[in-house]
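Enquirer: Residue-level listing of the chains:
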Amino acid sequence: MDTNTAILLTMLLPLGAMVTNLVFRDSPNLRDGLTLAASVATFLTVLGILSTVGNGTTEPMVLFEVLPGLDLAFNVEPLGLLFAIVASGLWMVTHIYGIGYMRGNNESHHARFFACFSLAISAVMGIAFAANMFTLFLFYEVLTLSTYPLVAHKGTPEAIRGARTYLGVLLGTSIGLQLVAIIWTYVITGTLDFEKGGILAGHISGPMVAVLLALYAFGIGKAALMPFHRWLPAAMVAPTPVSALLHAVAVVKAGVFTMLKVGIYIFGIDFLAETGASEWLMWLAAFTIIASSVVALTKDNLKARLAYSTVSQLSYITLGMALATSMGALGGGMHIAMHAMGKITLFMCAGSIYVATHKTNISQMNGLGRVMPITYFSFLVGALSIIGLPPLGGSWSKWLLAVGAADRDQWIMIAVLMVSSLLNVAYLLSIVGRGFFLPDSDGTAAPKVAEAPLLCWLPPALTAFGCLVLFFIAGDILNFLSPIVAPN
Amino acid sequence: MGEHKRKKPEHLPALGRLLLWVDRPGSANKIFWALAVVCALLFVLDFTYDKHGHFHIEELPGFYGVYGFVMFTALILAAKTLRIFIKRPEDYYGDRAVDSEEYPADQLDKERYHAD
Amino acid sequence: MLTDPWPTAFLFFAAAAVLPLLPKGLLRALLLLVVPLAAAWQIWTLDLGTFAQVEFIGFQLDLMRVDKLSRVFGLIFCLAAFLGNLYAWHVRDPVQQVAALLYAGSAIGAVFAGDLITLFFYWEGTAIASVFLIWARGTKAAYHTGMRYLIIQIGSGVILLAGVVLLYRETGSIAFERMTLGSVATWLIFISFGIKCAFPLLHNWLQDSYPAATVTGTVILSAFTTKLAVYALARGFAGTEILIYIGTIMTLFPIFFAEIENDLRRVLAYSLNNQLGFMVVGIGIGTEMALNGTASHAFAHILYKALLFMSVGAVLYRTGTSKASELGGLYRTMPLTAMFCLVGAASISAFPLFSGFVTKSLILDEAGAGHHPYVWAALVFASAGVLSHSGIKIPYFTFFAHDSGKRPAEAPTHMLWAMGITAFLCIAIGVYPDPLYALLPYPVEFHPYTMGHVVGQLQLLCFALLAFGVLMRTGIHPPEIRAINLDTDWTYRRFMPAVVTRVADAVSQFWSAKMRFWLRRVEAVVGRLFQVYGPEGRVAQSSPTGAMVLWIAVFLGVTLIVSFLS
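Protein chains in written order, with this note's numbering: chain A, 1 to 488; chain B, 1 to 116; chain C, 1 to 566.
So that you can see chain A by itself, here it is in the shape it has in the complex (with noise of 0.2 angstroms):
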């Protein structure tokens, strides 16, 4: 099977998936086995796409044009392969735990849920292996669309609200700053295509960088930039293996994926080295980091605190790319997966819980650790990872960012990542302690083990010990994704 065929097959197993969902409705079983297999089948084709292109880059592979230099495009970078791998991979996880947290909660719509769950994973697969920002865009589209019904999932009136909020905010943003980013990008070079070094130098210059930067910056919203972040608490409405995968991983991770390739493919870290065109939106990052854990730390419903939480890490990525370094750049691409691996655990956590106790609020499970010690001892080890504690796989991409901001000198820069930790510690880490040793809330938690079911608890399980794996193979992540930043 050649590279190509395995890209579009990416692509076309969970659409197949999908098809299947809506066709084998009221078999349950079969419909479930079915995609299961499709996300094991995905998986396997994207870590084929590994074994033959390893982090090497492919020519496009152009499907359809629209324009002159306007294609509906394909091809493998590391980076792009890198999100295929975290999305897949974590797809099958995610889709066991679904399979778990839908039935033990007696969810409705089952067929829809999963049918709309992997069009989404589709759209994920384009948008990794988008050979240029107009392809890059459809999908990103497309995305949108297909994770709307999945917020709006339980149809109560705030479901709604929630769903509305998180359209208007990614349709507006997208079509209203985005396109027009990437309509004035295709006027002024006559290209989308995602070339290392950028394809803007030489076409712009002065402060219309910075402007056409911040239109891009803002116009991924599901990089969840402030002010442009509230979709995502609103977003968290949706039954938890939605928030687990698409606000953990696919969606946002989408968000600050195409805010890498634009700094890296279209800008160029040399060209907004040089320009300083990024300097504002790593002010911005730093403000995001910060701003909105402070923000987590106020909430006391779980999966508030997580999405404050995700939108103060995807800031991370995003500041990595504006520190305009090399390091900043790795960084910001390991912290991709190692973000997707620890926030993942925590939802599912989250959620192991709300299905075993239907409790939300922080502030009812004290003592909760003692009766489901799995779930919570998988909690801490993802929010030890994402705090970037040893030895999990999220201090490592914290030290790069650390490093990256070193090499530009920005003093400031370090000083919020160490601080954004100290916070997470706060917000993150109370909810261990509370879990396991405060004595319990009402009393009426059982005396003795009552774990969530099986499928719920050992999903988190698994994640949770990836994020320690991680932290043994970051080295191998570093090399697999330093051409992207490697000199021509």
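Certain hints may be false.
What the hints assert, rightly or not - Below, simulated SDA-like cross-link-like pairs (lysine to any residue); rule was C-alpha separation at most 20 angstroms, straight line:
{"id": "1", "chain 1": "C", "residue 1": "K514", "chain 2": "A", "residue 2": "F218"}
{"id": "2", "chain 1": "A", "residue 1": "K299", "chain 2": "C", "residue 2": "I484"}
{"id": "3", "chain 1": "A", "residue 1": "K154", "chain 2": "A", "residue 2": "P373"}
{"id": "4", "chain 1": "B", "residue 1": "K51", "chain 2": "C", "residue 2": "G452"}
{"id": "5", "chain 1": "B", "residue 1": "K87", "chain 2": "C", "residue 2": "L61"}
{"id": "6", "chain 1": "C", "residue 1": "K140", "chain 2": "B", "residue 2": "R96"}
What the hints assert, rightly or not - Negatives, chain A to chain C, calculated, CB over 10 angstroms:
{"id": "7", "residue": "R25"}
{"id": "8", "residue": "L44"}
{"id": "9", "residue": "G104"}
{"id": "10", "residue": "P391"}
{"id": "11", "residue": "S395"}
{"id": "12", "residue": "A415"}
{"id": "13", "residue": "M418"}
{"id": "14", "residue": "L429"}
{"id": "15", "residue": "F436"}
{"id": "16", "residue": "L454"}
As the list claims (entries may be wrong) - Listed next, with one range per pair, are the computed distances between beta-carbon atoms:
{"id": "17", "chain 1": "A", "residue 1": "V449", "chain 2": "C", "residue 2": "V18", "range": "16 to 26 angstroms"}
{"id": "18", "chain 1": "A", "residue 1": "W280", "chain 2": "C", "residue 2": "S183", "range": "26 to 36 angstroms"}
{"id": "19", "chain 1": "A", "residue 1": "P68", "chain 2": "C", "residue 2": "E55", "range": "19 to 29 angstroms"}
{"id": "20", "chain 1": "B", "residue 1": "I57", "chain 2": "C", "residue 2": "K68", "range": "32 to 42 angstroms"}
{"id": "21", "chain 1": "C", "residue 1": "A14", "chain 2": "B", "residue 2": "V37", "range": "57 to 67 angstroms"}
{"id": "22", "chain 1": "B", "residue 1": "L108", "chain 2": "C", "residue 2": "E288", "range": "40 to 50 angstroms"}
{"id": "23", "chain 1": "A", "residue 1": "V449", "chain 2": "C", "residue 2": "F510", "range": "29 to 39 angstroms"}
{"id": "24", "chain 1": "A", "residue 1": "R103", "chain 2": "B", "residue 2": "K110", "range": "41 to 51 angstroms"}
{"id": "25", "chain 1": "A", "residue 1": "V449", "chain 2": "C", "residue 2": "E288", "range": "30 to 40 angstroms"}
In case anyone wonders, no lab produced these hints; they're calculated from the structure. Note that the structure is predicted; figures quoted are calculated from it, not measured. Beta carbons: idealized from backbone N, C-alpha and C, even for Gly.
We have chain A already, so just place chains B and C on it with the hints.
Expert: Chains B and C alone, transformed into the frame defined by chain A:
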């Protein structure tokens, strides 16, 4: 507390019984004056050997004794003064500090002494 | 690589992983005793040198640098872990057991770390593992205290990380060697060490958290974190002059607080801080003999401080309180504990024939030899201060003084064994210091038992005791009362929270108000779009709307597919 009244000294552990001496009337006095004698002896000892320190002041007979006595007293007085300013009720920090809470009993083994 | 020995820390980590799989009870407790002994044996038999070097992310990490300085700290940490675990023999809580292993392992790993990245990893490891010993108390107060402790400890770690990053940028090296203060990088590393070492104004986490830990947790806590910081300072900043003054202040200010503190475990925490001051002065002086003094004092200090925490812990275990105002007269029924406590008190006060005497004199002597008259005078004063709170207050108000009427049983056998062994070591070191001296980083040419040393020290202590007698008889000595005292922690327990809460509220309100405004606008636009293009009246229902959007997406997706294939 009736129970502990029943416990006659002879039921205490041997070492404890031995130490009961310190609580006998007059024992405290004896200890104090014995200590005073030891101090005096130590002072006298200072004249019996060739003192050499890093500083001249060390060579004064009884320097360490005087310094110890004076500084100890000064320390206690200073601490007592400090207390006026920084003393607060035990529950000053509320239930976020351990000072006003009981140690959880299930982690203790609050056994009372049993005579054999 | 294959022939290299395992890093000692991994022994502890492996044991921590195995422990939960063992049946509860005897086997687990035994494992906790065997591991430190095995680790000590390994350290003892290893040749000096650097082992277990691994290549990682382009850095060479030295996991096991054994030299004379790290070896003496590694050994005493193993010994402390053994004694602490023996003392905790009765504990059946796996969380505390695993935490104790991870904590000791991290501390030992940090001591043998040959590079700053490895040091950082273990540095944070000690922070995370140790907080569980506080949380394990299981009360609300312990939870909050643990959070405060954790944030400060991890704060020390992230400052270290920032320093390492900057140092790496500056020098291109991550080796953990002697540094000179000057750049931002070295200052950050210095401050990071200083937090864990409880420098003045950075100290209060110590007095705040140690009294909040479990009975056995405090004993284990007392050994590692601060002495790891002493080791790190000795390795990185030996001979840094400012440390002399920092250390001097450290020996002085805690003695005033200790004098009027009611909770005896907090008294010991202040006392610990004061003892660290002596070690820091030794590091600041930085001569070979002063560093010997620091290393040996750390060794002796870990033992007698653990002994004191053990004896007060045993009282707490039997009576439910460690407050001086509630205790007194316990010698009647806990005479052995009382005796062990007196041994600890004599050792920390540096009575001749006890361990503190043969180690502290090294530092005092070097302060004199280096002609720091004020420093020397302050240290001598602080020595008298130690006597007042640790030498007198702890044993006197617990076991003697007025009879509280409490008649607790003697400490359990395993605690007596732990205290007994520790007390034996305290005396053994005091009587025959040569084996300890032989372990020190540099050759020792020092004789503690000269006439001048012995008589001078005895004069200082006996006259101070006499002063205590006089003050008690005249009623001037402050009574033990139920109260707490303010310290620098007021700033972050009372003042800062008020500020932070306000700021957080303001930020969150600002965002929600601002965003609500904007979102309404966006929503209005989207809503209008739906009204115009979507079927009227179906907007309010989720399922049809959801389905509609799904179909739009499907349509888009299918269009894309068709275009692939065409």
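Enquirer: Now, for every hint given, state plainly whether the structure supports it.
Expert: Cross-check of the supplied hints:
Annotation: proposed proximity of K514/C to F218/A holds, straight-line Cα distance about 17 angstroms (limit 20 angstroms). About 33 angstroms separates the Cα atoms of K299/A and I484/C, which puts this hinted pair outside 20 angstroms; it is violated. A threshold of 20 angstroms between alpha carbons decides the hint, and for K154/A with P373/A the separation of about 29 angstroms lies outside it, so the pair is violated. Between K51/B and G452/C, the direct Cα distance comes to roughly 6 angstroms. Compliance with the 20 angstroms bound is thereby established for this hinted pair.
Restraint check: the Cα-Cα separation between K87/B and L61/C comes to about 49 angstroms, which exceeds 20 angstroms; the hinted pair is violated. At roughly 7 angstroms between alpha-carbon atoms, K140/C and R96/B fall within 20 angstroms of each other, so this suggested pair holds. Listed as a non-interface residue, R25/A keeps its Cβ farther than 10 angstroms from every Cβ of chain C; the least gap is roughly 13 angstroms. Annotated as non-interface, L44/A keeps its C-beta farther than 10 angstroms from every C-beta of chain C; the closest such distance is 21 angstroms.
For G104/A, the requirement that its beta carbon stay farther than 10 angstroms from each beta carbon of chain C is met, with the minimum near 22 angstroms. Its beta-carbon lying about 7 angstroms from the closest one in chain C, P391/A breaks the requirement of being farther than 10 angstroms from that chain. With a least CB separation of 8 angstroms from chain C, S395/A falls inside the 10 angstroms interface cut-off, contrary to its annotation. The claim that A415/A is not at the interface with chain C is violated, since a C-beta of that chain comes within 10 angstroms of its own (minimum 7 angstroms).
Not every CB of chain C is more than 10 angstroms from the CB of M418/A (nearest about 4 angstroms), against its label as outside the interface. Not every beta carbon of chain C lies more than 10 angstroms from that of L429/A, the smallest distance being close to 6 angstroms; the non-interface claim is violated. Interface exclusion of F436/A from chain C breaks down, the closest Cβ pair being 7 angstroms apart, not more than 10 angstroms. The non-interface label for L454/A is consistent with chain C: the shortest C-beta to C-beta separation is roughly 19 angstroms, beyond 10 angstroms.
With their beta carbons about 21 angstroms apart, V449/A and V18/C fall inside the hinted range of 16 to 26 angstroms. With their beta carbons about 29 angstroms apart, W280/A and S183/C fall inside the hinted range of 26 to 36 angstroms. Evaluation of the 19 to 29 angstroms hint for P68/A and E55/C yields a failure: the beta carbon distance comes to about 49 angstroms. At roughly 36 angstroms, the beta carbons of I57/B and K68/C sit within the given window of 32 to 42 angstroms.
Between A14/C and V37/B the beta carbons are some 59 angstroms apart, a value that agrees with the proposed interval 57 to 67 angstroms. In this structure the hint that L108/B and E288/C lie 40 to 50 angstroms apart at CB holds, the actual value being about 47 angstroms. A hinted range of 29 to 39 angstroms is violated for the C-beta pair V449/A and F510/C, which are about 43 angstroms apart. Between R103/A and K110/B the Cβ separation comes to about 49 angstroms, which falls inside the hinted range of 41 to 51 angstroms.
Look at V449/A against E288/C: about 56 angstroms separates their beta carbons, and that is not inside 30 to 40 angstroms.
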